[in-house]
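> Work out the full structure, taking the sequences as your base and the hints as a guide.
One-letter residues, chain by chain:
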Amino acid sequence: MGPPAGDDQVIPVSTRFHSLARRPGGVSREQALKSAEAQLGTLRPQFADWLDRELEQLISAIPTGQDEASSDDPWLDAAYIHCRAVRDVGATMGFELLTFAANNLCDIIEVVKAGVTCPFDAIESQIQALLLARKEVARALLTGRRV
Amino acid sequence: MPRENLNLHGLNFLIADSNSYFCMICQSILRSFGATKIYEARTAMDVNRTLVEQRIDFLLCDSNLPPDGGLKLTHEIRWSVASEYRTIPIVILTTDTRINTINAARDAGANMVVAKPVSVSSLYNRLAWVAFHPRSFVDAPSYFGPDRRFKIEGYPTGVGRRKSDQDSGVTEESGQAMGQDDIDSLLNLARKG
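Chains as they are written, first to last, in the numbering used here: chain A, 1 to 147; chain B, 148 to 340.
Watch out, some of these pointers could steer you wrong.
What the hints assert, rightly or not - Cross-link-like lysine-lysine pairs, in silico, DSSO-like; alpha carbons within 27 Å at most: (1) Lys219(B) to Lys184(B); (2) Lys219(B) to Lys34(A); (3) Lys113(A) to Lys219(B).
Simulated from the structure, these hints should not be mistaken for lab results. This structure is a prediction, so every number in the text was calculated from the model and none was measured.
Below you can see the structure in the form of structure tokens.
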């Protein structure tokens, strides 16, 4: 903590967002959440197709029959992009397991990019976990249940 | 959490994220909340252009936005002295919720941080918080952005760093101190009503 600066100015700010968002009318919290959950439900069938494409691209980005990788291998970036995409939306769509497995794989890729020896067996395990989570998505869509 | 309704109709939202599928999901959620005008940006350059062209009112920005990340972009927006968007509400979206990242987002001038993957309720709560709890901006030599003080529980050195801060130290003793008998009799009176 430095000495008192004394020249910091505190300025009241009112933006267009602040004035318009508080207008009368609008949507109640309960109504907004219910409507958003219903909307996400309608997106689930397309989500399964998108997920298939992302997993396919992720798996094809990872080299097979290789037991070494350097931290600047281009496949790491390619795999990370697809893995991060799955991680960022899985739980929002109701599939926490997808996000969990994708997050683990992201962590592995990050440490490899930081210079740690590439654990290909751990990557393979996380890919298998993602494929299992994908089956859970298919089951949920078939039965219409919320995971 | 405020009980009032959020009225997002007609406000211009900008979602800045390199993942188009994430943006699409975010758009759906915001539309369910009543937003009608939502734009997307994939890079910081897109953001800077869209801010001006579409007169954006609220920015949701990924912390990994290409090329240099959402925190650097937030810092640049806050330090664009001549820009009318300098005080725009900015919410940072991030998967990295470590305290260092949250502090960095706060110090860059973000209004709020939302953890990814976003949940419908967390997004609504943050929007409502920003709308119903507007914060003053602090203009200091090393910081421009929303007041980072959410509550004052005394200053570390007993003296605030701003001119407007009141001294929170213990004041000088004045008058005669109360004895234990005086305190007991006061408490007894209070108990008897």
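> If a hint holds in the structure, say so; if it does not, say that too.
Evaluation of the provided hints:
Between Lys219(B) and Lys184(B), the direct Cα distance comes to roughly 25 Å. Compliance with the 27 Å bound is thereby established for this hinted pair. Our distance criterion of 27 Å between C-alpha atoms is broken by Lys219(B) and Lys34(A), whose separation comes to about 35 Å. Restraint check: the Cα-Cα separation between Lys113(A) and Lys219(B) comes to about 22 Å, which is no more than 27 Å; the hinted pair holds.
In this structure, only the earlier hint numbered 2 is contradicted, and the remaining ones agree with it.
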